[in-house]
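Engineer: Could you put the whole structure together from the sequences, leaning on the hints where they help?
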Amino acid sequence: MNKQYKFVQAVILPVMAFILGVLCPAGPVLAQEVAVGSATARVLANIMVTASSPLDFGDIFQGVPKRVANNEAEAAVFSITGQAGAGVSIYLQLPEYLSLSDGSDRMVISFGPTDISVDTTGAGNPAGMNSSRGWQNTNPYNLPAAAVIGSSGTDIYLGGSVIPSVNQRAGNYSADIIITAAYDGT
Amino acid sequence: MVAGSILLVTFGFGSKAYAQDIASAQATATVQAAITVVATQPLNFGDVYIGIPKAIGYSNDDSSAIFTITGQAGAGINVLLTLPEYLSLADGSDRMTLVFRNNDAAVDTSNTATPSSMIGADGWINQNPYNLPAAAAIGSPGSNTKIYLGGKVVPSANQKAGNYSGDIVLSVSYNGQ
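Those protein sequence lines, which keep their order, are chains A and B. For the record, in the first sequence the residue sitting at position 163 is 163 according to my numbering, with numbers rising by one throughout. Residues are numbered in my numbering as their position in the second sequence, beginning at 1, plus a constant of 186.
Read the hints as simulated data drawn from the structure, not as lab findings. Keep in mind that a hint or two might mislead.
What the hints assert, rightly or not - Partner residues are not named here, just some residues of chain A that face chain B (Cβ under 10 Å, in silico):
#: 1; residue: A45
#: 2; residue: V49
#: 3; residue: S53
Unchecked claim - Not everything, but these chain A residues come out facing chain B in the computed CB check (under 10 Å):
#: 4; residue: T40
#: 5; residue: A41
#: 6; residue: N46
#: 7; residue: K66
#: 8; residue: E72
#: 9; residue: G82
#: 10; residue: A86
#: 11; residue: Y141
#: 12; residue: P144
#: 13; residue: A146
#: 14; residue: G185
Unchecked claim - Far from chain A, some chain B residues (derived; all Cβ distances over 12 Å):
#: 15; residue: D207
#: 16; residue: N230
#: 17; residue: D247
#: 18; residue: S249
#: 19; residue: N264
#: 20; residue: G306
#: 21; residue: G348
#: 22; residue: D353
All values derive from a computational prediction rather than experimental measurement. Even for Gly, the Cβ is constructed at its ideal location relative to N, Cα and C.
Structural biologist: Quick look at the structure:
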């Protein structure tokens, strides 16, 4: 038994090791290093637009035009909220007429080159608007390209004029004013 | 009588004595400097607006990802980037697509260039981050090589607001060249 064990130890094992070494050569072990970096981004708050107050001309008399300035309480107010300081593109779709609900008559509405103000203080108060709060008395068809969302939001104050005809039908007239606001990446 | 003497009797078999000389040679090896990799700067897209894709080029000094590889100057290396497909909110409630274009990486072996100043002579520019150059090596002088990486995020129109992140893994090994 002892002789057999010595034979295995002295002969068999080295031969087996040689065979395995030939058939299964060990490849080189290469040093490897790994580092983990990161990619980061901050997605800004979603932009939201609210029609806070309508442009209300109140009582109108046939044949007598009426104007509401953008700093009056009857001015339309739109509120824009989102990421403070982010640049926004603002576009207004303005009607050319107000109409009776049954469509039987319509009344001209017009917007002049100073009928809008952009207030970046978020005050929501047309009467308190001044030039230090943003852009005052500017063109509603060409809003400022540098408009931004204020820290408390940005408000749009819109005035305009209605021009009733001498035979304007009595009744309640209305129309839609649509505002579109989007981040511009600035 | 033999006193203090030692009689030596030698037995020999009558074999020949050959002239002999001895020489010694050496077995030598040079262990290369250990390779190390550090994520020096993250790929930072900064503020991203909902619905507006944003790209950062590898040549942006402040925002591109930078990995620094150090080791044996001149030694060939295999470099593999494992790139995420998305950035995610920490709570996992939303994710944002991240893409890497075929020119979003650069390999700088110059030791002196920056992402914005790097030119072709400094290594490899405008490389595919999914297929970095096989001939990459540890730069000399300086014994380091830098990887610059850009990318592009594509936020959806209803992307949740918040801070998004994802891991970029760089694996480097000597290739024996």
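Engineer: State for each hint whether it applies.
Structural biologist: The hints, checked one at a time:
The interface hint given for A45 of chain A is met, as the beta carbon of that residue sits about 5 Å from the closest beta carbon of chain B, less than 10 Å. Residue-level restraint check for V49 of chain A is violated (minimum Cβ-Cβ distance to chain B is 14 Å; threshold 10 Å). Look at S53 of chain A: its Cβ only gets to about 27 Å from chain B, farther than 10 Å, so that hint breaks. For T40 of chain A, the interface hint holds, the least distance from its beta-carbon to any beta-carbon of chain B being 5 Å, beneath 10 Å.
Annotation: interface hint on A41 of chain A holds; nearest CB of chain B at approximately 4 Å, less than 10 Å. Hint status for N46 of chain A relative to chain B: holds, with the closest Cβ pair at about 6 Å, below 10 Å. With a cut of 10 Å, the hint placing K66 of chain A at the interface with chain B is violated, because the nearest CB-to-CB distance is about 40 Å. The beta carbon of E72 of chain A is not positioned within 10 Å of any beta carbon in chain B (closest approach about 34 Å), and the interface hint is therefore violated.
At a threshold of 10 Å, the smallest CB-CB gap from G82 of chain A to chain B is about 9 Å, leaving the interface hint in force. Look at A86 of chain A: its Cβ gets to within about 7 Å of chain B, closer than 10 Å, so that hint holds up. Interface hint status for Y141 of chain A: violated, as the beta-carbon distance to the closest one in chain B is roughly 25 Å, over 10 Å. The closest approach between the C-beta of P144 of chain A and any C-beta of chain B is roughly 19 Å, which is over the 10 Å cut-off, so the hint fails.
Evaluation of the A146 of chain A hint against chain B yields a violated restraint, the C-beta minimum of about 16 Å exceeding 10 Å. Because the closest C-beta pair between G185 of chain A and chain B is about 5 Å apart, less than 10 Å, the hint holds. Chain A leaves D207 of chain B outside its interface by the beta-carbon criterion, the shortest separation being 32 Å against a cut-off of 12 Å. Look at N230 of chain B: its CB is around 5 Å from the nearest CB on chain A, not clear of 12 Å, so calling it non-interface is violated.
Consistency note on D247 of chain B: stated as away from chain A, and its beta-carbon is indeed over 12 Å from all of that chain's, at 16 Å minimum. Not every Cβ of chain A is farther than 12 Å from the Cβ of S249 of chain B; the closest lies at roughly 10 Å, contradicting the non-interface assignment. Non-interface call for N264 of chain B relative to chain A: violated, since the shortest CB-CB distance, roughly 8 Å, does not exceed 12 Å. For G306 of chain B, the non-interface assignment is confirmed: its Cβ lies about 24 Å from the closest Cβ of chain A, beyond the 12 Å cut-off.
Listed as a non-interface residue, G348 of chain B fails to keep its Cβ farther than 12 Å from every Cβ of chain A; the least gap is roughly 6 Å. For D353 of chain B, the condition that its CB be more than 12 Å from all CB atoms of chain A is violated, with the nearest at approximately 5 Å.
In summary, the structure is inconsistent with hints 2, 3, 7, 8, 11, 12, 13, 16, 18, 19, 21 and 22 from the numbered list given earlier, while agreeing with the others.
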